[in-house]
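One letter stands for each residue in the lines below.
Protein chains: 2
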Amino acid sequence: MRPFEEEFALLNETLQEMGALVARSVHRGVYALVEKNEDYAHQVIRDESRIDQMEIQIDDLAASLIVREQPVARDMRLIVAAIKIDTDLERMGDLSVEIVERAFSLMRQPAFPEVIDFTEIANLVESMVLRAMEAFAKRDAQIARAVVTSDDGVDESRKKIRQQLIGLMERDATLIPRALDYLIVVRSLERIADHATNIAEDVIFLAQGVDVRHRALEVA
Amino acid sequence: MRPFEEEFALLNETLQEMGALVARSVHRGVYALVEKNEDYAHQVIRDESRIDQMEIQIDDLAASLIVREQPVARDMRLIVAAIKIDTDLERMGDLSVEIVERAFSLMRQPAFPEVIDFTEIANLVESMVLRAMEAFAKRDAQIARAVVTSDDGVDESRKKIRQQLIGLMERDATLIPRALDYLIVVRSLERIADHATNIAEDVIFLAQGVDVRHRALEVA
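So the sequence lines, in the order shown, correspond to chains A and B.
When we follow the working numbering, the leftmost residue of the first sequence carries the number 65, and every step to the right adds one.
When we follow the working numbering, the leftmost residue of the second sequence carries the number 65, and every step to the right adds one.
All the pointers check out, no bait thrown in.
One copy or two, it doesn't matter: identical chains are merged, so the pair holds either way.
In silico SDA-like pairs for lysine to any residue, Cα to Cα no more than 25 Å straight-line:
hint : residue 1 : residue 2
1    : LYS223    : ILE109
2    : LYS202    : ASP216
3    : LYS223    : PHE176
4    : LYS223    : VAL161
5    : LYS224    : ASP245
6    : LYS224    : PRO241
Hints listed in this document are in silico derivations from the structure and should not be mistaken for laboratory results.
Construct the entire structure; sequences and hints are all you get.
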């Protein structure tokens, strides 16, 4: 390994740890919602502070690495990507807390008369987060492109749940506040997937050294 | 000015330009919705590509500035903040496009029977974006703290619109799909305000040289 790579390893390790924690928060947030599990909900809220701290830690590691190593342009791009990725991960942590807030709101209301199946969308989104981080660790554009593509699956899944909820609201107006809670969860998951897509696009940009962000699929 | 400050000026200028364009997109997005103005809607979509390009441009400026100037730790923090801010601004551009997508959806449906007044929330959010960017330009923690505080006003405004829309849905189920479009717009505006708050917290962090992100109000 080049000296820079060695120095960068610690930064990447922290970033990977942050990514894993975020993926866990997404998983736990949805579990808290579906199973009305308060322990998981509180865990997500506790982990958000940790995630926030990790963002600051990674930015500081990045800044001091730059000052110390004076990296060449190519390495600089890697560090810039790390800073952008921790920003995205921190937002995902916030969104997990939003899911948990809807879970608490739903726990306070009567049980919903129909099962809303979040398994598919939650699994997809969680895996997008993990795969995006893996793509960064390996600087692997192929994995990154698969992440970008799986956003379509999230979209499909989101539409299905949305239609189910609209149907229920139309049939029974008393369900509207609870259905809106579920709709917010769906939107939060969709937005977490967007952030994972951002990360994947950063990796494609890095791996190819060309400018594919914001038009990843045309190039792919 | 120190040499670094001179070099940084171009980066900040581009960032300010990006911020102004984003604020304009927020304004135009809401205007497109309220006035069913297709020209404004298309303008927002066109400007999103420009915003995306500016993100890349600012990251590149930041990276080359670092490589060339080998800045000290304090200046590094400023550059790291710029990279984080362009990430937030880019997300706001996406959210403006989401508003426009809901505007197009509503244009295709019958006129809504009740006026939903977005004036207050849109003005608040637009001003948060502009003030957050001003706070960064001046590295002024006081302006930044005012931005963080005005997020409460957005929250109030959001709740009012949300209650109105829920009431309408409960009374007339045929309004549900259109009301959901409006609710998505409210949420997009709220999320734009969150990103402006992020930027303001970055500025407080910079201006005070202490670690106030994620707990800005406790310290303030």
